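Peer 1: Could you put the whole structure together from the sequences, leaning on the hints where they help?
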Amino acid sequence: MYLTKEVKADIFKKHGGAESNTGSAEGQIALFTHRINHLTEHLKRNRKDFNTERSLVKLVGKRRSLLDYLKHKDITRYRAIIKELGLRK
1 MYLTKEVKAD IFKKHGGAES NTGSAEGQIA LFTHRINHLT EHLKRNRKDF
51 NTERSLVKLV GKRRSLLDYL KHKDITRYRA IIKELGLRK
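Just so you know, the UniProt record's numbering puts 42 at position 42 of the sequence shown, and the rest follows in order with no gaps.
By construction, these hints were calculated from the structure, which means they are not laboratory data. Since the model is a prediction, treat every value here as computed from it, not as a measurement. Some hints here could point you the wrong way.
[As the list claims (entries may be wrong)] Cut-off 30 Å, straight-line C-alpha distance, at most; resulting in silico cross-link-like pairs (DSS-like, lysine-lysine):
| id | residue 1 | residue 2 |
| --- | --- | --- |
| 1 | K48 | K13 |
| 2 | K73 | K14 |
| 3 | K83 | K8 |
| 4 | K58 | K48 |
| 5 | K14 | K83 |
| 6 | K58 | K13 |
| 7 | K8 | K71 |
| 8 | K13 | K71 |
| 9 | K58 | K44 |
| 10 | K5 | K62 |
| 11 | K8 | K62 |
| 12 | K44 | K5 |
| 13 | K71 | K83 |
| 14 | K58 | K83 |
| 15 | K14 | K44 |
| 16 | K5 | K83 |
| 17 | K44 | K73 |
| 18 | K58 | K14 |
| 19 | K14 | K48 |
| 20 | K58 | K73 |
| 21 | K71 | K58 |
| 22 | K83 | K13 |
| 23 | K44 | K62 |
| 24 | K71 | K5 |
| 25 | K8 | K48 |
| 26 | K62 | K73 |
| 27 | K73 | K13 |
| 28 | K14 | K71 |
| 29 | K83 | K62 |
[Unchecked claim] Computed beta-carbon distance windows for the label pairs:
| id | residue 1 | residue 2 | range |
| --- | --- | --- | --- |
| 30 | D10 | V60 | 30 to 38 Å |
| 31 | K44 | K73 | 30 to 38 Å |
| 32 | A18 | N51 | 16 to 24 Å |
| 33 | T4 | T76 | 26 to 34 Å |
| 34 | E6 | T76 | 26 to 34 Å |
| 35 | T52 | E84 | 23 to 31 Å |
| 36 | K73 | K48 | 35 to 43 Å |
| 37 | K44 | A18 | 31 to 39 Å |
| 38 | N21 | L87 | 18 to 26 Å |
| 39 | H72 | K48 | 32 to 40 Å |
| 40 | H72 | H42 | 30 to 38 Å |
C-beta atoms are modelled at their ideal positions from N, C-alpha and C, and glycine is treated no differently.
Peer 2: As structure tokens, this is what we get:
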């Protein structure tokens, strides 16, 4: 499994403030970004895996809605997470 407990804890510790703060928008966005990157690499190898492609599109949508929420709630936190994760070119 590519997403172990330790990897999740590290992501939430780095972006959410604490390991137990799994509900923060930044932590969830970082976790979705990690999963999206993994699925993108998988799809590069397996082009006809349409179920994974659908999952990837759903994850991108979830991340987009969380980013929109964060943008309206607190623009400085939004800009910080975008810069930290390198989501915009």
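Peer 1: Of the hints given before, which are not true for this structure?
Peer 2: Of the numbered hints given earlier, those the structure breaks are 1, 17, 19, 30 and 32, listed in rising order.
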